[in-house]
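Undergrad: Chain residues, written in single-letter form:
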Amino acid sequence: MGKKVSTAAWLLVAVALCLVPHVADRFVTYLSMRVMMLGIFALGYNLLLGRTGLLSFGHGAFYAAGAYGLGLFSLHVSPHPLLGIAVGVAAAALVALAVGFLSVRSSEVYFSMLTLAFGMMVFALVWNLREVTGGDDGLIGIARAPIRLGPARIPIAREGQYYYLVLSLFALAVWVAARVRASPFGLVLAGIRENPTRTEFAGIPVRSYRLAVFVLSGMFAGLSGALEVLLESGARPSMAHWTHSAEPILVSLLGGLHTLTGPLVGSLLFVAMREIIMRFTENWMLAFGVVLLVIILGFRGGVVGSLAEAMRRRQAARRAP
Amino acid sequence: MQSIVHVVLAGLSAGMFIWLVASGLTLIFGVLGVLNFAHGSFYMLGAYVSFTLVKVLAPHFYLALLFGPLAVCLAGLVVERFFLRPVYRLELPYQLLLTFAFVLIFDNVVKLVWGGGALAPPAGLGPLRGSVSILGRNFPVYSLFVIAVGPLVALALWAVLERTWIGRIVRAASSDREMASALGVRVPALFTGVFVFGTWLGGVGGALAVPYVGLLTPGMGESIIIEAFIVAVIGGLGSLKGAFVGALVIGILSAFGTRFFPTFDMFLTFILMAAVLLVRPRGLFGAAR
Numbered sequence: 157m158g159k160k161v162s163t164a165a166w167l168l169v170a171v172a173l174c175l176v177p178h179v180a181d182r183f184v185t186y187l188s189m190r191v192m193m194l195g196i197f198a199l200g201y202n203l204l205l206g207r208t209g210l211l212s213f214g215h216g217a218f219y220a221a222g223a224y225g226l227g228l229f230s231l232h233v234s235p236h237p238l239l240g241i242a243v244g245v246a247a248a249a250l251v252a253l254a255v256g257f258l259s260v261r262s263s264e265v266y267f268s269m270l271t272l273a274f275g276m277m278v279f280a281l282v283w284n285l286r287e288v289t290g291g292d293d294g295l296i297g298i299a300r301a302p303i304r305l306g307p308a309r310i311p312i313a314r315e316g317q318y319y320y321l322v323l324s325l326f327a328l329a330v331w332v333a334a335r336v337r338a339s340p341f342g343l344v345l346a347g348i349r350e351n352p353t354r355t356e357f358a359g360i361p362v363r364s365y366r367l368a369v370f371v372l373s374g375m376f377a378g379l380s381g382a383l384e385v386l387l388e389s390g391a392r393p394s395m396a397h398w399t400h401s402a403e404p405i406l407v408s409l410l411g412g413l414h415t416l417t418g419p420l421v422g423s424l425l426f427v428a429m430r431e432i433i434m435r436f437t438e439n440w441m442l443a444f445g446v447v448l449l450v451i452i453l454g455f456r457g458g459v460v461g462s463l464a465e466a467m468r469r470r471q472a473a474r475r476a477p
Numbered sequence: 083m084q085s086i087v088h089v090v091l092a093g094l095s096a097g098m099f100i101w102l103v104a105s106g107l108t109l110i111f112g113v114l115g116v117l118n119f120a121h122g123s124f125y126m127l128g129a130y131v132s133f134t135l136v137k138v139l140a141p142h143f144y145l146a147l148l149f150g151p152l153a154v155c156l157a158g159l160v161v162e163r164f165f166l167r168p169v170y171r172l173e174l175p176y177q178l179l180l181t182f183a184f185v186l187i188f189d190n191v192v193k194l195v196w197g198g199g200a201l202a203p204p205a206g207l208g209p210l211r212g213s214v215s216i217l218g219r220n221f222p223v224y225s226l227f228v229i230a231v232g233p234l235v236a237l238a239l240w241a242v243l244e245r246t247w248i249g250r251i252v253r254a255a256s257s258d259r260e261m262a263s264a265l266g267v268r269v270p271a272l273f274t275g276v277f278v279f280g281t282w283l284g285g286v287g288g289a290l291a292v293p294y295v296g297l298l299t300p301g302m303g304e305s306i307i308i309e310a311f312i313v314a315v316i317g318g319l320g321s322l323k324g325a326f327v328g329a330l331v332i333g334i335l336s337a338f339g340t341r342f343f344p345t346f347d348m349f350l351t352f353i354l355m356a357a358v359l360l361v362r363p364r365g366l367f368g369a370a371r
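Protein chains in written order, with our numbering: chain A, 157 to 477; chain B, 83 to 371.
Bear in mind the hints are in silico, worked out from the structure with no lab data behind them. Glycine included, each C-beta is placed from N, C-alpha and C at the ideal position. Treat each hint with caution, since some may be false.
Within a straight-line C-alpha distance of at most 25 Å, the following computed SDA-like cross-link-like pairs (lysine to any residue) qualify [what the hints assert, rightly or not]: (1) K193/B with A443/A; (2) K159/A with N439/A; (3) K323/B with S262/A; (4) K193/B with K159/A; (5) K193/B with Y320/A; (6) K193/B with T399/A; (7) K323/B with R261/A; (8) K193/B with I433/A; (9) K193/B with N439/A; (10) K193/B with W283/A; (11) K323/B with V265/A; (12) K193/B with S394/A.
Only some residues are given here: those of chain B computed to face chain A with a beta carbon under 8 Å [to be verified]: (13) F165; (14) F184; (15) V191; (16) F311; (17) L319; (18) F352.
Whenever a hint applies, use it, and build me the whole structure from the sequences.
TA: See below:
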């Protein structure tokens with residue numbers, strides 16, 4: 157695929173996304189927002205899993221940190237949405253820094269175990285600190301106040317208006333993820349994935365790089381969590397639960413681990429799949445698990461990876477005499 | 083004073099369940115090199131299957147204790163033989179994710195078969211009902227029985243691994259898989275055997291828990307696997323001695339937490355885990371590599 161085709165495809169998607177609230181009904185607009193939020197979550201997550209080769213089971217905790225950070229700030233300090241989002245992302249970064257500091261030092265197996273354990277610690281905290289977090293009720297009644305920038309007031313109360321805030325932050329997230337992947341920093345991360353020992357011998361402080369990308373992916377998760385609170389006007393403790401941490405894993409695997417577009421395509425598939433499956437059965441986890449099994453045993457490249465592989469094979473066949 | 087003795091006893095009995103799960107987890111990791119996230123689910127399955135068997139076989143709790151874990155072994159056999167075996171050659175994340183998929187599947191299956199609510203086992207199972215007076219306060223006999231089972235299992239494991247022909251093969255395969263294979267050990271069959279045995283340990287833990295926990299919930303597997311992970315971090319992943327010591331420490335610490343800081347009972351164990359990690363990243367008995 158040429159560079160021109162790829163640019164055209166990106167532009168087409170961007171235009172389509174801008175038009176959604178005008179041409180589609182409310183439900184589709186709502187689902188598009190869910191896809192973009194999950195996309196932000198998975199993009200950040202995949203910098204860790206796909207790029208650096210680290211499997212975290214604790215990102216629900218950072219998602220919840222973003223959500224509760226925004227929720228508490230807007231309930232007790234100021235309802236300004238942008239400030240709230242900034243506070244949420246900062247809270248997620250802090251929690252990710254603490255968990256990451258203790259986890260990235262260890263080998264891969266320990267890392268997965270530790271992120272799961274610390275993630276569930278955050279869940280237990282959110283669940284038990286009733287006075288602050290509302291326990292199992294969560295935080296409720298968080299309104300979407302207008303964004304005040306100097307004299308200007310941008311209303312986001314209606315879903316069609318809020319959509320554009322989500323879209324802008326989604327675009328920002330995609331841009332940051334693309335920049336990170338293409339940067340020297342991103343190349344070092346891929347080096348760590350392929351061979352940490354060699355990367356270490358090349359004079360690169362592997363642990364600091366791992367911690368940096370861990371915190372970065374935690375911030376993506378926090379942004380996604382903060383956006384969800386504004387959309388649903390509440391935060392739930394289940395955001396921190398490890399079944400929620402598993403969502404970006406499945407999304408990344410669905411779309412494909414080693415590409416930028418993989419997690420985005422995966423988010424679209426995931427939301428569509430969940431909508432369809434939940435309509436027929438309540439056993440969403442079972443379906444989730446079976447899909448995971450099928451991908452691991454059969455389609456490890458995900459949708460984007462498998463398509464790319466098929467395309468490469470066709471080209472190779474054409475080139476061969 | 084007497085209340086502290088009782089808290090320690092309660093912690094010891096809780097620690098024994100963690101030990102039964104953590105020992106299977108450790109054994110499987112040590113030999114197969116796979117961290118089995120679904121191990122807590124086997125514990126949960128053991129509890130639920132035994133619960134049903136207790137109801138069917140009415141007074142014979144010991145039959146349920148025998149057959150419940152065997153049914154779980156069957157699940158373990160299927161998981162290892164048909165799903166885990168093809169992914170040994172893949173990168174680590176895929177192996178972890180595969181066992182994780184089974185956590186989701188088993189959780190949902192339990193909810194489908196037994197319902198999502200809590201189940202109360204019939205009171206007064208087996209001949210071990212009632213309580214004895216220790217320092218002027220009553221303590222359930224069954225908990226004392228559980229406290230006795232843990233060290234017995236540890237002793238049996240040690241004897242088998244260190245003193246028998248099978249144990250020597252298992253140790254050989256865990257220290258160098260290729261060499262053992264070259265010397266004529268059928269490694270794939272050994273892996274299946276060790277996995278099934280580890281599953282059995284988890285299933286026994288679950289079956290023993292039926293009269294102990296009071297209520298069976300679909301979340302019981304996940305809480306014990308997290309405790310087993312904490313134990314593995316503290317004791318050192320792959321070390322059975324570490325798992326035993328770690329399980330006792332975690333059991334007693336959470337018992338103290340529940341008694342004295344009810345809001346933060348889980349928190350104490352996490353603080354201990356973080357402290358151990360900072361001082362000894364590979365755990366108390368973990369091999370330095």
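Undergrad: Would you mind marking each hint as holding or not holding in the structure?
TA: Results of checking the hints against the structure:
no. : hint               : verdict
1   : K193/B with A443/A : 14 Å, holds
2   : K159/A with N439/A : 43 Å, violated
3   : K323/B with S262/A : 21 Å, holds
4   : K193/B with K159/A : 50 Å, violated
5   : K193/B with Y320/A : 40 Å, violated
6   : K193/B with T399/A : 15 Å, holds
7   : K323/B with R261/A : 24 Å, holds
8   : K193/B with I433/A : 17 Å, holds
9   : K193/B with N439/A : 9 Å, holds
10  : K193/B with W283/A : 22 Å, holds
11  : K323/B with V265/A : 19 Å, holds
12  : K193/B with S394/A : 18 Å, holds
13  : F165               : 7 Å, holds
14  : F184               : 7 Å, holds
15  : V191               : 7 Å, holds
16  : F311               : 5 Å, holds
17  : L319               : 7 Å, holds
18  : F352               : 5 Å, holds
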